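Colleague: Here is what each chain is made of, one letter per residue.
Number of protein chains: 2
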Amino acid sequence: MRSVSVIGIGETKFGKLADRSLRSLLQEAGEKAIADAGVEKTMIQALYMANFNAQYLCYQGHMGPLASEVLGLGTIPTLRTEGACASGSLAFRQAMIGIASGMYDVVLVGGVEKMTHRKTEEITTGIASAADVEFEANLGATFPSLFAMIANRYAYEYGNPREAMTMCAVQNHENGLLNPDAQMRKKITAKDVEAGFPIAYPLTVYDCSLVTDGAAFVVLAASDIAEKISKKRAIEVIGSGHAGDTMTLASKKSLTTLAATVNAAKEAYAMAGVKPTDISMAEVHDCFTITQILNIEDLGFAEKGKGPKAVLEGKTALTGSIPINTSGGLKAKGHPIGATGISQIYEIVTQLRGDAGERQVKNAKIGLTHNLGGSAATCVVNIFRGR
Amino acid sequence: MRSVSVIGIGETKFGKLADRSLRSLLQEAGEKAIADAGVEKTMIQALYMANFNAQYLCYQGHMGPLASEVLGLGTIPTLRTEGACASGSLAFRQAMIGIASGMYDVVLVGGVEKMTHRKTEEITTGIASAADVEFEANLGATFPSLFAMIANRYAYEYGNPREAMTMCAVQNHENGLLNPDAQMRKKITAKDVEAGFPIAYPLTVYDCSLVTDGAAFVVLAASDIAEKISKKRAIEVIGSGHAGDTMTLASKKSLTTLAATVNAAKEAYAMAGVKPTDISMAEVHDCFTITQILNIEDLGFAEKGKGPKAVLEGKTALTGSIPINTSGGLKAKGHPIGATGISQIYEIVTQLRGDAGERQVKNAKIGLTHNLGGSAATCVVNIFRGR
Numbered sequence: 001m002r003s004v005s006v007i008g009i010g011e012t013k014f015g016k017l018a019d020r021s022l023r024s025l026l027q028e029a030g031e032k033a034i035a036d037a038g039v040e041k042t043m044i045q046a047l048y049m050a051n052f053n054a055q056y057l058c059y060q061g062h063m064g065p066l067a068s069e070v071l072g073l074g075t076i077p078t079l080r081t082e083g084a085c086a087s088g089s090l091a092f093r094q095a096m097i098g099i100a101s102g103m104y105d106v107v108l109v110g111g112v113e114k115m116t117h118r119k120t121e122e123i124t125t126g127i128a129s130a131a132d133v134e135f136e137a138n139l140g141a142t143f144p145s146l147f148a149m150i151a152n153r154y155a156y157e158y159g160n161p162r163e164a165m166t167m168c169a170v171q172n173h174e175n176g177l178l179n180p181d182a183q184m185r186k187k188i189t190a191k192d193v194e195a196g197f198p199i200a201y202p203l204t205v206y207d208c209s210l211v212t213d214g215a216a217f218v219v220l221a222a223s224d225i226a227e228k229i230s231k232k233r234a235i236e237v238i239g240s241g242h243a244g245d246t247m248t249l250a251s252k253k254s255l256t257t258l259a260a261t262v263n264a265a266k267e268a269y270a271m272a273g274v275k276p277t278d279i280s281m282a283e284v285h286d287c288f289t290i291t292q293i294l295n296i297e298d299l300g301f302a303e304k305g306k307g308p309k310a311v312l313e314g315k316t317a318l319t320g321s322i323p324i325n326t327s328g329g330l331k332a333k334g335h336p337i338g339a340t341g342i343s344q345i346y347e348i349v350t351q352l353r354g355d356a357g358e359r360q361v362k363n364a365k366i367g368l369t370h371n372l373g374g375s376a377a378t379c380v381v382n383i384f385r386g387r
Numbered sequence: 001m002r003s004v005s006v007i008g009i010g011e012t013k014f015g016k017l018a019d020r021s022l023r024s025l026l027q028e029a030g031e032k033a034i035a036d037a038g039v040e041k042t043m044i045q046a047l048y049m050a051n052f053n054a055q056y057l058c059y060q061g062h063m064g065p066l067a068s069e070v071l072g073l074g075t076i077p078t079l080r081t082e083g084a085c086a087s088g089s090l091a092f093r094q095a096m097i098g099i100a101s102g103m104y105d106v107v108l109v110g111g112v113e114k115m116t117h118r119k120t121e122e123i124t125t126g127i128a129s130a131a132d133v134e135f136e137a138n139l140g141a142t143f144p145s146l147f148a149m150i151a152n153r154y155a156y157e158y159g160n161p162r163e164a165m166t167m168c169a170v171q172n173h174e175n176g177l178l179n180p181d182a183q184m185r186k187k188i189t190a191k192d193v194e195a196g197f198p199i200a201y202p203l204t205v206y207d208c209s210l211v212t213d214g215a216a217f218v219v220l221a222a223s224d225i226a227e228k229i230s231k232k233r234a235i236e237v238i239g240s241g242h243a244g245d246t247m248t249l250a251s252k253k254s255l256t257t258l259a260a261t262v263n264a265a266k267e268a269y270a271m272a273g274v275k276p277t278d279i280s281m282a283e284v285h286d287c288f289t290i291t292q293i294l295n296i297e298d299l300g301f302a303e304k305g306k307g308p309k310a311v312l313e314g315k316t317a318l319t320g321s322i323p324i325n326t327s328g329g330l331k332a333k334g335h336p337i338g339a340t341g342i343s344q345i346y347e348i349v350t351q352l353r354g355d356a357g358e359r360q361v362k363n364a365k366i367g368l369t370h371n372l373g374g375s376a377a378t379c380v381v382n383i384f385r386g387r
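Which chain is which? The protein sequence lines are P and D, in order. Taking my numbering, the leading residue of the first sequence gets 1, the next gets one more, and so forth. Taking my numbering, the leading residue of the second sequence gets 1, the next gets one more, and so forth.
These are calculated hints, taken from the structure and not from any lab test. The reader is advised that the hints may include incorrect statements.
For chains that are exact copies, the list does not tell them apart, and a pair is met inside one copy or across any two.
As the list claims (entries may be wrong) - Listed below are the simulated DSSO-like cross-link pairs for lysine-lysine, each with C-alpha atoms no more than 30 angstroms apart in a straight line:
(1) Lys266 - Lys252
(2) Lys253 - Lys32
(3) Lys266 - Lys228
Remember, predicted model here, so these are calculated numbers, not experimental data.
Between the sequences and the hints, there should be enough to build the whole structure, so can you do that?
Modeller: This is the structure:
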């Protein structure tokens, strides 16, 4: 398979963007990515578009041609991928396979979500479509309760992760303060987190990611032509893995080792020929703080059960040995669901280019993105190398 | 790129299946396809799942792991593709590229839709998400009105296609009578069609495809291993094309030559190295009878403006030179949106295997599927050859 590189990135500011249409978000982020790559629009051969649930939240499906029309991309082929909160990474991976297969040379990949205009109960219903509606959501098991069960089971098996969960929230907010695109640029304390409004025990409101509007795009090219067509430093995709698991939480073999993450990571590390200790920094899917801890373990950055210790020792802080969610993560940068996986790649490419400003990781060489869908029923892991 | 073949097919009966859950539809069609291929479930490496709008109609997204869990496929990677009514063909094409790239050897591809349990106005809103909601649907331009404008424009440019539109409906119903899976197994007359309840002039209710529940699956394998792993005759995918066009009808260069169809067909014919006259039979996207006429022309089965003549001369009938929609098409077999593109492939594979019974096309050697999304904003064309 041909090697693939990222040659352009663009994203909107994330947040409550009540005055922005889907079209406006798509246009801003898409134009930014194309301009960043410095390619002519006529060179783009396909558009892979991620969106989670505009069909329910905005009554709008068929996001491919909507984006293509607003970006003036003519009659190129488009499609939408959806895999709950992993939708963005799925679009990226399919686009990568499209180039790897020889079908395309240059493709655009985007993600978008617009959620904040709906009422809280409607947003909850929309997000719950990522769970099993018959066996979970309709019985009241929406995502905070599902991940609360995971946190409680983790406490039972490995000891209470409360203090480390709190530290994840505090660190992600510290990083978000340094990211101009982040939704919540606000320092929080351990006391804020633990005294936060209770959502589903043990999760407080500060353990939960945000409801966010936003869009993110990247331009991909076959590595053999990347530097000819773009002035930007090409960031190579050296590994990619994609795995699944049962839809329902009740059917999983383990609640504290997420099989989808373990299997996707195994595939990505093998393809890249690297180990967890080779990773300079990672964006991991912190839909809830407990998920960030599981991810740190399942990706091999800490032994199983030792994630909390790694977090509390500062290993995952911006200055630690494996900085996690330098962008602020879903917790502070925000979680515009369809855009999230693409925005993770935006951050890693920014770091590998050395363009991350105040949040720049020193000697950033290899970066990893980890994107989960639902109760870890879908996972995509990608590994990138700067040149 | 590696050659890819279809080694298994399965579908539910199409219709108003009020007592069936999404899970039940997925299970029946998926198990049938896997059994038909005769492969062990452990050989299936990925699931590409198409669904148009269960997120609005059933509150259920994340169809990949839902299907994977119900079929007992373990932790394989899954994703959902959506491109309005072309969702099924998009899943098929991405799966094909996945094998062609060398990433996978054996994959399952499915499509499902459950619509009939909702009220008519809700179904209309759900389907309208395939159009531009801001600029079309919210202004009252839902699909029957959009395709009525196409029909009126066609009449202006090439003469009134009424008689041929009627013949398309009558022929598709005749074919549907011979398909045990069809929703509407009922003979209709020209008088029925033209005196039908008016929907949007000139379209009557008999010019419109059906609202349908159903699921369809196929198993794909790399052609070089297909006959080793399956006892069934492998049907090779010799060509595939995918193109887009503007989302809005108003922005299209032509309403009577659908650019997405023309470009997807061009790509598919070139890849297959065949001409329209080499095609034994085709399943084309008859969301409305006028669309069937445009498709016949845009796929090269008749000259532009001569589609009506070809239909009226019987060329597209079951016994004609290029039988169209031998399954009954979206008009009589039904249109369970996410499943439609896969079901078209089900029909072509059935014909190429010689298993189509009363509706068998004689000397069926090469078959074509044509699947549109929205107002022809997405199109996928596939070409298959029996061995």
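Colleague: Evaluate each hint against the coordinates.
Modeller: Going through the hints against the structure:
1. Lys266 - Lys252: Answer is within; shortest intra-copy Cα gap is 19 angstroms, inter-copy 46 angstroms.
2. Lys253 - Lys32: Only across copies: Lys253 and Lys32 sit 27 angstroms apart there, 43 angstroms inside one copy, limit 30 angstroms.
3. Lys266 - Lys228: For Lys266 and Lys228, only the inter-copy Cα distance (29 angstroms) is at most 30 angstroms; the intra-copy one is 33 angstroms.
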